[in-house]
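> Chains as they are written, first to last, in this note's numbering: chain A, 78 to 381; chain B, 78 to 381.
Because the hints were derived from the structure by calculation, they are not lab data. One should not assume that every hint holds.
Since the list can't tell identical chains apart, any single copy or any two copies may satisfy a pair.
The list that follows gives simulated cross-link-like pairs (lysine to any residue, SDA-like), each with its CA atoms no further than 20 Å apart [said to hold, decoys possible]:
1) K117 <-> R286
2) K117 <-> T348
3) K370 <-> H311
4) K370 <-> P88
5) K117 <-> R277
6) K178 <-> R235
7) K318 <-> D153
8) K117 <-> R293
9) K193 <-> E100
10) K318 <-> L239
11) K178 <-> G167
12) K178 <-> P210
13) K159 <-> R227
14) K117 <-> P88
15) K117 <-> G261
16) K370 <-> Y347
17) K117 <-> P371
18) K178 <-> E189
19) K370 <-> E350
20) K117 <-> L349
Protein chains: 2
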Amino acid sequence: MLGYGGMMPMPLRMTTSVLLRREGRMLLFDAGEGIQLSLKRGALGVLGLDAVAITHLHADHLLGLPGIMMFRAQCDEPGPLKIVGPPGVGEFVRHTLDDLKYYINYNVDFVEWSDKSGRVALSWNTGVLIWEPLEHSTLCLGYRFEEGGRPGRFDPDRATALGVPPGPLRGLLQAGETVVAADGREVRSSDVLGRPRRGRIVAYATDTRPCAGLSRLCAGADLAFVEGMFVEAHRDAAVEKRHMTAAEAGRAARDAGAERIVLVHVSPRYTLEDEALLAAEARAVHPNAEVAKPLEAYAIPLPD
Amino acid sequence: MLGYGGMMPMPLRMTTSVLLRREGRMLLFDAGEGIQLSLKRGALGVLGLDAVAITHLHADHLLGLPGIMMFRAQCDEPGPLKIVGPPGVGEFVRHTLDDLKYYINYNVDFVEWSDKSGRVALSWNTGVLIWEPLEHSTLCLGYRFEEGGRPGRFDPDRATALGVPPGPLRGLLQAGETVVAADGREVRSSDVLGRPRRGRIVAYATDTRPCAGLSRLCAGADLAFVEGMFVEAHRDAAVEKRHMTAAEAGRAARDAGAERIVLVHVSPRYTLEDEALLAAEARAVHPNAEVAKPLEAYAIPLPD
């Protein structure tokens with residue numbers, strides 16, 4: 078959790094930004110001004126950063142991207158970087174780097190959304206990044222990382238019973254192959270594996286009113302970072318500025334079946350003490366809701 | 078002192094930036110990424126900010142300017158802002174605001190240096206801002222604020238002796254007028270005032286090798302913020318990258334007759350502990366030298 082504020086960076090609440098880390102590789106959601114400071118405070122580095130996904134072209138989500146790119150350019154051979162976002166994100170970055178004549182020692186691939194884009198923004202062997210337009214004052218994208226599934230659990234007793242002893246044949250079965258046992262019988266992978274296990278799902282959705290896109294992003298998520306910018310008493314401001322209250326976030330996440338939600342994009346009008354009210358209002362509709370904490374690490378257990 | 082680091086913002090050392098405050102009006106020197114956080118930490122506000130002077134178009138001196146401008150746009154009727162700097166500073170700002178479609182509720186006047194510019198960048202009734210090209214890897218400007226002088230000290234005994242009693246006539250004398258005393262004699266301002274007193278002088282010069290421009294900026298300064306990026310052991314890096322060591326800064330300031338120097342633009346390679354060495358090396362040549370401290374206020378006494 079690099080930051081969870083809205084509108085502008087504050088000393089105790091940097092702008093909303095989440096770093097998703099999986100086996101050393103990193104995907105960053107949003108980059109407001111100064112967010113490289115959070116990376117440094119957390120001693121997280123940038124060498125494993127493969128991609129940045131920007132929700133929309135507002136300053137509190139974008140102004141820190143050039144700084145992140147320059148920080149990354151301090152590494153030797155950092156490898157290519159993918160930057161995902163709405164149309165215009167590439168032009169903003171290019172303008173900044175050109176105006177400052179800043180040399181970046183790696184390739185940058187811009188992946189800009191259009192209404193012809195499919196639901197998958199990026200795809201790795203480890204999972205996919207989904208994007209989806211939300212309902213804000215400007216085009217704003219929400220994201221969802223879906224980790225690839227894993228094979229079912231291997232049953233060694235069953236393998237023994239079917240005549241496959243410990244050894245390389247078991248490895249083939251676990252990898253989905255069919256093998257021939259010592260007695261000549263064919264043993265299929267499905268004979269010794271339980272049902273396939275799903276991968277983990279993380280949603281990141283901020284700067285939006287409740288909408289169908291938000292629900293699809295949060296559907297069945299293990300963890301959803303969702304905007305809870307205002308308390309219910311300031312619901313008018315949320316509606317007018319196309320943001321959400323904490324309760325609206327909780328309701329949307331609950332109805333979509335998200336397991337756990339962490340509220341982000343808290344308005345600078347609220348003190349740290351006020352956050353208890355945001356949390357309480359979200360928890361009244363979703364039992365597993367909380368306000369983000371700076372530099373907190375949220376471990377997501379592997380599904381059974 | 079909003080920051081005193083070089084190259085990029087660090088959690089404990091923001092990029093070099095100095096806010097000059099005089100009777101509630103403020104002039105900002107440089108604005109690296111996240112420098113609005115220092116303004117907020119110091120509870121300094123931006124409503125009194127009339128002008129920003131940018132030394133050069135490198136990220137660690139410029140990336141935070143759009144954020145400062147947006148923060149200022151949160152004020153009601155903040156009044157016009159002057160932005161002073163090398164050619165290109167206006168284009169960078171316009172690109173950023175345009176790409177983000179950010180509306181600023183005040184006029185911005187860009188004052189860009191050219192080789193036809195005079196030595197005065199800005200002029201107020203309270204003083205002038207001088208600029209001067211330095212010697213860096215790109216066009217880099219140093220600055221000097223010269224406060225307007227004050228009349229000499231008023232001598233009330235002398236006024237009494239010349240027949241001018243306490244009252245409005247003394248006010249006229251202090252304002253430089255000639256008055257007629259009760260006995261008909263003319264009394265001139267110079268009869269009752271000491272010698273005119275000079276205003277205060279503050280220099281801000283970073284990202285340069287020692288040069289004649291640096292000396293002119295520091296000449297007779299009450300306080301000079303001068304780059305001391307490296308220790309002597311890393312002098313090769315200073316020469317190669319067109320920066321200064323702490324000792325070079327101290328020597329240049331001493332030879333120019335600067336009263337007191339504060340080292341800025343410290344390299345991220347140095348820890349907070351290392352700063353003692355930078356200070357010691359500068360103090361070996363200038364007795365009144367120190368390394369900047371975050372959010373420190375440096376009061377400058379009025380000259381006698």
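> Run every hint past the structure and note whether it holds.
Here is how each hint holds up against the structure:
In the homo-oligomer, the alpha carbons of K117 and R286 never lie at most 20 Å apart, since the shortest distance is 33 Å inside one protomer and 30 Å across protomers. For the identical chains of this complex, K117 and T348 are inter-copy neighbours only, at 14 Å across copies versus 24 Å inside a copy, given an alpha-carbon limit of 20 Å. When the C-alpha separation of K370 and H311 is checked against a cutoff of 20 Å, the pair qualifies neither within a copy, at 22 Å, nor between copies, at 40 Å. For the identical chains of this complex, K370 and P88 are neighbours both inside a copy (14 Å) and across copies (18 Å), given an alpha-carbon limit of 20 Å.
In this homomeric assembly, K117 and R277 never come within 20 Å of each other (Cα to Cα): the closest approach is 27 Å inside a single copy and 39 Å across copies. Neither within a single protomer nor between protomers do K178 and R235 lie at most 20 Å apart by alpha-carbon distance, with minima of 64 Å and 64 Å respectively. With identical chains, the CA atoms of K318 and D153 are at most 20 Å apart between copies only, with a shortest distance of 19 Å across copies and 43 Å within one. In this homomeric assembly, K117 and R293 never come within 20 Å of each other (Cα to Cα): the closest approach is 33 Å inside a single copy and 38 Å across copies.
For the homomeric pair K193 and E100, neither the shortest alpha-carbon distance inside one copy (32 Å) nor that between copies (57 Å) is at most 20 Å. Neither within a single protomer nor between protomers do K318 and L239 lie at most 20 Å apart by alpha-carbon distance, with minima of 64 Å and 71 Å respectively. Proximity of K178 and G167 under a CA criterion of 20 Å is satisfied in both settings, with 16 Å inside one chain copy and 15 Å between copies. Taking the closest pair of Cα atoms, K178 and P210 come within 20 Å of each other only across two copies (19 Å); inside a single copy the shortest separation is 33 Å, beyond that limit.
For the homomeric pair K159 and R227, neither the shortest alpha-carbon distance inside one copy (26 Å) nor that between copies (59 Å) is at most 20 Å. In this assembly of identical chains, the alpha carbons of K117 and P88 lie at most 20 Å apart whether taken from the same copy (15 Å) or from different copies (7 Å). Taking the closest pair of Cα atoms, K117 and G261 never come within 20 Å of each other, the shortest separation being 59 Å inside a single copy and 76 Å across copies. In the homo-oligomer, the alpha carbons of K370 and Y347 lie at most 20 Å apart inside one protomer (14 Å), although the nearest pairing across protomers, at 30 Å, exceeds that limit.
Taking the shortest Cα distances, K117 and P371 sit within 20 Å of each other both inside one copy (13 Å) and across copies (18 Å). In the homo-oligomer, the alpha carbons of K178 and E189 lie at most 20 Å apart only across protomers (18 Å), although the nearest pairing inside one protomer, at 23 Å, exceeds that limit. For the identical chains of this complex, K370 and E350 are intra-copy neighbours only, at 13 Å inside a copy versus 30 Å across copies, given an alpha-carbon limit of 20 Å. For the identical chains of this complex, K117 and L349 are inter-copy neighbours only, at 16 Å across copies versus 22 Å inside a copy, given an alpha-carbon limit of 20 Å.
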